[in-house]
Amino acid sequence: MTGWRRFPAPRPSETRRLRTACTAVVAAGVSLVAGCGVPGGSGGSREPVTVMTFAPEETQATNMPGMMAMAKAYERWADARGGIDGHDLRVITCNEKNTPQGAANCARRAVKEGAAAVVGSYSQYGSFMAPLEAAGIPFIGGYGMSGEEFTSYLSYPVNGGQPALVAGNGRQLADYCSGVSLVRPDSINGDDLVQLLNSGLDEGNRNVPSADIRAADDATEYTEQAEQARRRAAEPTWTTTASSGTRPGCVTAALGDRTETFFDSFRRLPEDGRYIRISSVIGSVGQPLVDRTGGRKGPFEGAYITGWYPDANDDRWDGMRKVVDEHAFGDDRIDPADAGVQTTWIAYTVLERVIRALDSDTVTPGRISHALDQGLEVTTDGLTPPLRWGYEDMLGAPGYPRIVNRSVTFQVVRDGRLVAQDKNFVDVGTTLMDAA
387 MTGWRRFPAP
397 RPSETRRLRT
407 ACTAVVAAGV
417 SLVAGCGVPG
427 GSGGSREPVT
437 VMTFAPEETQ
447 ATNMPGMMAM
457 AKAYERWADA
467 RGGIDGHDLR
477 VITCNEKNTP
487 QGAANCARRA
497 VKEGAAAVVG
507 SYSQYGSFMA
517 PLEAAGIPFI
527 GGYGMSGEEF
537 TSYLSYPVNG
547 GQPALVAGNG
557 RQLADYCSGV
567 SLVRPDSING
577 DDLVQLLNSG
587 LDEGNRNVPS
597 ADIRAADDAT
607 EYTEQAEQAR
617 RRAAEPTWTT
627 TASSGTRPGC
637 VTAALGDRTE
647 TFFDSFRRLP
657 EDGRYIRISS
667 VIGSVGQPLV
677 DRTGGRKGPF
687 EGAYITGWYP
697 DANDDRWDGM
707 RKVVDEHAFG
717 DDRIDPADAG
727 VQTTWIAYTV
737 LERVIRALDS
747 DTVTPGRISH
757 ALDQGLEVTT
767 DGLTPPLRWG
777 YEDMLGAPGY
787 PRIVNRSVTF
797 QVVRDGRLVA
807 QDKNFVDVGT
817 TLMDAA
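To convert, note that position 149 of the sequence shown is 535 in the working numbering; the numbers rise steadily by one, no gaps.
Calculated directly from the structure, the hints in this document are not laboratory data.
Here the structure is a predicted model, which means the values were calculated and not measured.
For each residue, glycine too, the CB sits at the ideal point set by N, CA and C.
Check the hints yourself; a few may be wrong.
[Claimed, not checked] In silico BS3-like links for lysine-lysine, alpha-carbon gap of 25 Å or less: (1) Lys498 x Lys483; (2) Lys498 x Lys458; (3) Lys809 x Lys708; (4) Lys683 x Lys708; (5) Lys458 x Lys809.
[Unchecked claim] Label pairs and their in silico Cβ distance ranges: (6) Thr816 x Asp643: 25 to 33 Å; (7) Asp658 x Ala447: 29 to 37 Å; (8) Gly680 x Glu433: 45 to 53 Å; (9) Ser564 x Arg707: 38 to 46 Å; (10) Arg654 x Gln487: 35 to 43 Å; (11) Thr445 x Glu607: 18 to 26 Å; (12) Glu433 x Gly681: 42 to 50 Å; (13) Gly705 x Glu607: 36 to 44 Å; (14) Asp643 x Val805: 30 to 38 Å; (15) Gly681 x Asn810: 24 to 32 Å; (16) Ser564 x Asp650: 21 to 29 Å; (17) Arg633 x Thr816: 23 to 31 Å.
Using the sequences provided together with the hints, build the complete structure.
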């Protein structure tokens with residue numbers, strides 16, 4: 387997990403001026419994009435649309451192979467239906483290797499292959515953005531791990547990234563916890579998380595800041611940090627349930643892949659009479675981790691988790707599950723409960739809606755980004771609030787001005803499953819602005 391680089395959004399390059407060749411008309415929530423077709427083109431077979439999805443695979447750090455597998459399943463599903471608005475979909479995948487060079491190499495390959503967009507990808511390094519900007523290629527629905535995704539004029543995020551999750555986690559915990567300890571990376575990047583969590587706690591009328599527990603994000607055990615976090619979250623009560631009316635202390639961790647290591651150290655601590663609940667955010671803890679650590683008998687039973695989307699059991703995911711069942715061909719890299727897979731599905735939903743709105747024989751990077759810039763509204767079957775990337779739709783907060791989806795969901799682990807604590811989306815836009 388990384389933090390957020392603080393720099394203003396870059397000025398659009400000369401290539402962006404070419405977008406004015408297309409004219410967008412947005413009315414009544416429907417965008418009709420005209421003037422973007424091939425001269426003289428009418429009907430017949432339309433040109434294929436090439437896109438790329440990249441993510442790390444087979445690395446020693448975070449791996450997200452399900453995102454690329456989901457993209458290929460979407461490609462097969464789209465083409466089985468005759469393409470998207472008459473366009474065959476060609477999906478190129480690229481192993482980002484969890485390195486800055488790997489991310490940049492994938493972006494350069496997208497340029498070389500003539501990609502109209504990069505869709506539903508993952509990288510904690512923003513080095514991919516410069517090659518895409520130079521070629522005018524939009525980046526649609528990244529996972530939300532790099533600061534560039536929330537600052538570049540060619541990025542169209544579908545979630546609020548790590549900032550929204552941590553701010554939302556503070557809101558979630560404010561209603562339940564007597565005290566909160568935050569375990570986060572001991573780095574400049576991790577410093578932002580403290581203010582984000584505290585902003586959420588404050589908005590929930592918990593005017594007591596969290597205990598800031600710094601931890602190396604590459605350690606193999608966290609006993610010292612676990613002891614400190616537990617001690618500062620709650621006083622001993624020798625009560626292990628809420629039956630007495632006592633609020634628990636809460637320990638929340640946002641260490642990316644090392645969150646599992648931290649909570650392994652935490653569960654090994656000897657009992658000391660403190661009433662503690664644990665918590666985290668999607669990306670640090672998800673259903674796959676809950677499953678492999680014992681489910682309802684594991685350490686995450688009862689944990690509070692803040693996510694971007696509805697829980698994996700929600701009926702709104704039925705469309706994605708059907709595509710996985712019918713077009714993934716048993717690819718075990720795809721877990722429909724994984725946030726990376728879910729983000730990829732939503733990103734490709736956005737791509738499809740844009741292509742249909744263009745209604746053109748030729749789909750180019752400039753036409754896609756122009757339609758989005760002009761305020762095309764995209765619905766995602768309720769998996770997010772309606773999305774628009776017009777200037778007036780953006781949060782505008784320093785460090786992440788291009789956030790348009792300010793919503794998070796509150797979940798809890800019950801009987802080994804992440805389920806909704808509240809079915810509604812929670813808007814953390816004010817929380818983010820206060821933190822900034």
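Looking only at beta-carbon atoms, does the pair Ser564, Arg707 fall within the given range of 38 to 46 Å? holds, 39 Å
Can you let me know if the beta-carbon spacing of Arg654 and Gln487 is within 35 to 43 Å? holds, 38 Å
Would you say the C-beta atoms of Gly681 and Asn810 sit inside 24 to 32 Å of each other? holds, 27 Å
Going straight from one Cα to the other, do Lys683 and Lys708 come out at no more than 25 Å? Roughly 30 Å separates the two Cα atoms, so the pair is violated.
Does Lys498 pair with Lys483 here, judged by a C-alpha cut-off of 25 Å? holds, 19 Å
Range agreement (Cβ of Glu607 with Cβ of Thr445, hint 18 to 26 Å): holds, 22 Å
Lying within 45 to 53 Å: is that true of the beta-carbon distance Gly680 to Glu433? holds, 51 Å
Hint consistency between Lys458 and Lys809 [alpha-carbon to alpha-carbon, up to 25 Å]: Not satisfied, since the Cα-Cα distance of roughly 30 Å exceeds 25 Å.
That 42 to 50 Å hint for Glu433 and Gly681 (C-beta), does it hold up? Check passed, 48 Å falls within 42 to 50 Å.
Is Lys809 within 25 Å of Lys708, Cα to Cα? holds, 22 Å
Distance restraint hint 23 to 31 Å, applied to the beta-carbon atoms of Arg633 and Thr816: Between Arg633 and Thr816, where Cβ atoms are some 25 Å apart, the hint holds.
Quick check: does the Cβ-Cβ distance between Asp658 and Ala447 fall within 29 to 37 Å? This hint holds: roughly 33 Å between Cβ atoms.
Violation of the numbered hints given earlier is confined to hints 4, 5 and 14; the remaining hints are satisfied by the structure.
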